[in-house]
Amino acid sequence: MTAQLDIDRLLDEMEAGVRRILSERQVHSPVVIGIRTGGVWLADVLSKRLDIREPFGELDISFYRDDFSRIGLNPRVKPSSLPFDTEGRDILLIDDVIMSGRTIRAAMNEIFDYGRPASIILATLIDLGARELPIQPDVTGKVLALDAHQRIKLRGPDPLRIELQETTS
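The opening position of the sequence shown corresponds to residue 0 in numbering that gives the first Met the number 0, with each subsequent residue numbered one higher.
Keep in mind that the hints are not guaranteed to be accurate.
Dumping the calculated DSS-like pairs for lysine-lysine here, alpha-carbon to alpha-carbon at most 25 Å [claimed, not checked]: (1) K47 x K77; (2) K141 x K152; (3) K77 x K152; (4) K141 x K77; (5) K47 x K141.
Here are the in silico distance ranges between beta carbons for each label pair [unchecked claim]: (6) T167 x S22: 37 to 47 Å; (7) R48 x T167: 17 to 27 Å; (8) D7 x R115: 28 to 38 Å; (9) P54 x D146: 32 to 42 Å; (10) T166 x F62: 25 to 35 Å; (11) A147 x S118: 31 to 41 Å; (12) E165 x E53: 37 to 47 Å; (13) K77 x E23: 14 to 24 Å; (14) V142 x F62: 24 to 34 Å.
Keep in mind the hints are simulated off the structure, nothing from the lab.
Positions of the beta carbon are idealized from the N, C-alpha and C atoms, including for glycine.
Starting from the given sequences, assemble the full structure and let the hints guide the process.
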């Protein structure tokens with residue numbers, strides 16, 4: 000059984016939250032970075048909604064994962080692409096789902112290898128809680144608590160949709 004969540008409503012929540020944070024922090028020209036794969040799809044959508052004209056960046060954090068030596072390399076690893084300098088920039092970091100915080104830690108480590116940003120604003124579509132690291136999103140489309148037999152998956156990019164999946168095991 001698969002239940003679908005309303006992606007447009009979640010994107011509206013993210014957009015409104017990002018606009019609020021940008022205004023509160025007086026950030027006028029952020030650059031956007033999406034974490035592959037779902038975060039990249041969302042970065043594309045949010046960049047357009049926020050009328051950010053500078054191309055967005057894409058991070059593949061595979062080499063920065065803290066479990067890299069244990070799980071090995073994903074065969075679909077692509078190089079990260081940041082078409083701008085991160086030094087002194089305000090960055091809007093986008094991911095689809097945050098749970099433990101480890102993916103975001105890896106993404107920030109990679110960003111800092113490119114240069115020291117002025118600030119990082121973290122926006123995620125779904126927050127599942129279950130933190131292992133003290134990393135919290137500034138903006139979230141929706142907070143969900145899943146049962147052990149449930150999984151969340153962003154599908155896309157066209158059409159972009161998020162699914163709540165029931166597993167049998």
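Verification of the hints:
1. K47 x K77: OK: K47 and K77 at ~24 Å, within 25 Å.
2. K141 x K152: With Cα atoms ~14 Å apart, K141 and K152 stay inside 25 Å; holds.
3. K77 x K152: Holds. K77 to K152 sits at ~21 Å (cutoff 25 Å).
4. K141 x K77: violated (29 Å)
5. K47 x K141: holds (21 Å)
6. T167 x S22: 37 to 47 Å: At roughly 46 Å between Cβ atoms, S22 and T167 fall inside 37 to 47 Å, so the hint holds.
7. R48 x T167: 17 to 27 Å: Violated, since R48 and T167 (Cβ atoms, about 37 Å apart) do not stay within the stated range.
8. D7 x R115: 28 to 38 Å: Holds, at about 36 Å.
9. P54 x D146: 32 to 42 Å: holds (39 Å)
10. T166 x F62: 25 to 35 Å: holds (29 Å)
11. A147 x S118: 31 to 41 Å: holds (36 Å)
12. E165 x E53: 37 to 47 Å: holds (40 Å)
13. K77 x E23: 14 to 24 Å: Between K77 and E23, where Cβ atoms are some 34 Å apart, the hint is violated.
14. V142 x F62: 24 to 34 Å: holds (30 Å)
When held up to the earlier numbered hints, the structure conflicts with 4, 7 and 13 and fits the remainder.
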